[in-house]
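S.K.: This is what each chain is made of:
There are 2 protein chains.
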Amino acid sequence: MRWGHRPHRDARLTTHVALAARALGASGFVLSDIVDKKLEESVAKVTENWGGKFFFEMGKPWRKFVREWRAKGGIVVHLTVYGENLQTSPVLDRIRQSGKNVLVLVGSQKVPGDFFSGEVSDFNVAVGNQPHSECAALAVFLDRFFEGRELGKGYGKAKIKVVPQERGKKTIVGC
Amino acid sequence: MRWGHRPHRDARLTTHVALAARALGASGFVLSDIVDKKLEESVAKVTENWGGKFFFEMGKPWRKFVREWRAKGGIVVHLTVYGENLQTSPVLDRIRQSGKNVLVLVGSQKVPGDFFSGEVSDFNVAVGNQPHSECAALAVFLDRFFEGRELGKGYGKAKIKVVPQERGKKTIVGC
Chain L
7 MRWGHRPHRD ARLTTHVALA ARALGASGFV LSDIVDKKLE ESVAKVTENW
57 GGKFFFEMGK PWRKFVREWR AKGGIVVHLT VYGENLQTSP VLDRIRQSGK
107 NVLVLVGSQK VPGDFFSGEV SDFNVAVGNQ PHSECAALAV FLDRFFEGRE
157 LGKGYGKAKI KVVPQERGKK TIVGC
Chain F
7 MRWGHRPHRD ARLTTHVALA ARALGASGFV LSDIVDKKLE ESVAKVTENW
57 GGKFFFEMGK PWRKFVREWR AKGGIVVHLT VYGENLQTSP VLDRIRQSGK
107 NVLVLVGSQK VPGDFFSGEV SDFNVAVGNQ PHSECAALAV FLDRFFEGRE
157 LGKGYGKAKI KVVPQERGKK TIVGC
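These protein sequences, in sequence, are chains L and F. Heads up: the first sequence is residues 7 to 181, going by our numbering. Heads up: the second sequence is residues 7 to 181, going by our numbering.
I should point out that these hints are in silico values taken from the structure, not numbers from a laboratory. Bear in mind that the values here come from a model prediction, so they are computed numbers and not experimental data. Please note that the accuracy of each hint is not assured.
Treat identical chains as interchangeable: a pair holds within one or across any two.
Stated by the list, open to error - Subject to a maximum C-alpha distance of 30 Å in a straight line, what follows is the list of computed DSBU-like cross-link-like pairs (lysine-lysine): (1) 165 x 116; (2) 51 x 165; (3) 106 x 175; (4) 163 x 43; (5) 167 x 78; (6) 59 x 163; (7) 175 x 70; (8) 159 x 116; (9) 70 x 163; (10) 165 x 78; (11) 167 x 66; (12) 116 x 43; (13) 176 x 106; (14) 44 x 116; (15) 78 x 175; (16) 70 x 167; (17) 70 x 159; (18) 70 x 51; (19) 70 x 176; (20) 165 x 175.
Using the sequences and the hints, build the whole thing.
M.R.: As structure tokens, then:
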């Protein structure tokens, strides 16, 4: 879930967050509080061409979405520079041990203080305790959460597929 | 090295790429071909407050920078959706075995075809063969390259330091 999106200013960044979520193994993307049709179209176009299933939701107030997610037995992992360090603490093991569905919550610069509380987040996780990027943080979190396997997985019903190569560009189109 | 930056359109994204580079263990950041003082200031401010050494260069033509880098014995890793898969191929081992300094080259949507050639890149690496984000790709590449250790490292001469916590925000200011 991406919180605090400003359609004009964050257009490219939020698109990157959504596409990183998809490519790094997330099942879907939630844009909280805001409706942004252009963003939805960009993501839909990638999923249509590159395959796989990837849900996209938007417009629901973040508090409502989180409440419903937790009511269904899911947990919330809030990525923040202030949280437990992904590398030096055992927080990832604790998240995995929960065995529950995970909603990863990323914000922009200033998130509501509530995000840190037990009513919203089950875990506050820092992808390093240095300021950087919600897009980078999400990517590293997912890569570690899935132990790297997500980068090798196939995407069903793809119209475009890359054939990895040492040099040049090779795609299969219309697979 | 970030190629293809458009100061207005990419302002936030390129800042995220630079800060991700810093937080994920890179020694510095190069903005090729373009001078963007605002970007330089944003990055300098973070380094000044959060510590550590992080070089910032901008304005040099990419071809010249790459040529000089390689002349000094460095190698170039071009991150691209078309490259060898970071997870399913042994490309990372081959990069590490070179034992050389690495320049990671990230572009935007359409990079010069030369980037794929042996005259520019020693390796073309895909952080998954799905389209996503240069910021996400760089972060995952660096996290794997440094085997995660970069997230636990200290930053010298910091004015601000986070004290990681399960809940809330705690910083030491003026350390």
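S.K.: Compare the structure with each hint and give your call.
M.R.: Here's how the hints hold up against the structure:
1. Taking the shortest Cα distances, residue 165 and residue 116 sit within 30 Å of each other only across copies (20 Å), while inside one copy they are farther apart (39 Å).
2. For the homomeric pair residue 51 and residue 165, the shortest alpha-carbon distance inside one copy (11 Å) is at most 30 Å, but the shortest distance between copies (44 Å) is not.
3. Proximity of residue 106 and residue 175 under a CA criterion of 30 Å is satisfied inter-copy only: 26 Å between copies versus 39 Å inside one chain copy.
4. Proximity of residue 163 and residue 43 under a CA criterion of 30 Å is satisfied intra-copy only: 24 Å inside one chain copy versus 45 Å between copies.
5. When the C-alpha separation of residue 167 and residue 78 is checked against a cutoff of 30 Å, the pair qualifies neither within a copy, at 35 Å, nor between copies, at 37 Å.
6. With identical chains, the CA atoms of residue 59 and residue 163 are at most 30 Å apart within one copy only, with a shortest distance of 9 Å there and 46 Å across copies.
7. In this assembly of identical chains, the alpha carbons of residue 175 and residue 70 lie at most 30 Å apart only when taken from different copies (24 Å versus 44 Å within one copy).
8. For a Cα distance limit of 30 Å, the shortest separation of residue 159 from residue 116 across copies, 25 Å, qualifies, whereas the shortest one inside one copy, 35 Å, does not.
9. Taking the closest pair of Cα atoms, residue 70 and residue 163 never come within 30 Å of each other, the shortest separation being 33 Å inside a single copy and 43 Å across copies.
10. With identical chains, the CA atoms of residue 165 and residue 78 are never at most 30 Å apart, being 34 Å at best within one copy and 43 Å at best between copies.
11. Neither within a single protomer nor between protomers do residue 167 and residue 66 lie at most 30 Å apart by alpha-carbon distance, with minima of 33 Å and 35 Å respectively.
12. Proximity of residue 116 and residue 43 under a CA criterion of 30 Å is satisfied in both settings, with 24 Å inside one chain copy and 24 Å between copies.
13. Proximity of residue 176 to residue 106 under the C-alpha cut-off of 30 Å is restricted to the inter-copy arrangement: shortest distance 28 Å between copies versus 38 Å within a copy.
14. Within a single copy, residue 44 and residue 116 get their C-alpha atoms as close as 24 Å, and across copies as close as 21 Å, so both meet the 30 Å cut-off.
15. In the homo-oligomer, the alpha carbons of residue 78 and residue 175 lie at most 30 Å apart only across protomers (28 Å), although the nearest pairing inside one protomer, at 44 Å, exceeds that limit.
16. Taking CA atoms no more than 30 Å apart as the test, residue 70 paired with residue 167 passes in neither setting, with 37 Å inside one copy and 33 Å between copies.
17. Taking the shortest Cα distances, residue 70 and residue 159 never come within 30 Å of each other, neither inside one copy (32 Å) nor across copies (38 Å).
18. Proximity of residue 70 to residue 51 under the C-alpha cut-off of 30 Å is restricted to the intra-copy arrangement: shortest distance 28 Å within a copy versus 37 Å between copies.
19. For the homomeric pair residue 70 and residue 176, the shortest alpha-carbon distance between copies (28 Å) is at most 30 Å, but the shortest distance inside one copy (44 Å) is not.
20. Taking the closest pair of Cα atoms, residue 165 and residue 175 come within 30 Å of each other only inside a single copy of the chain (16 Å); across copies the shortest separation is 46 Å, beyond that limit.
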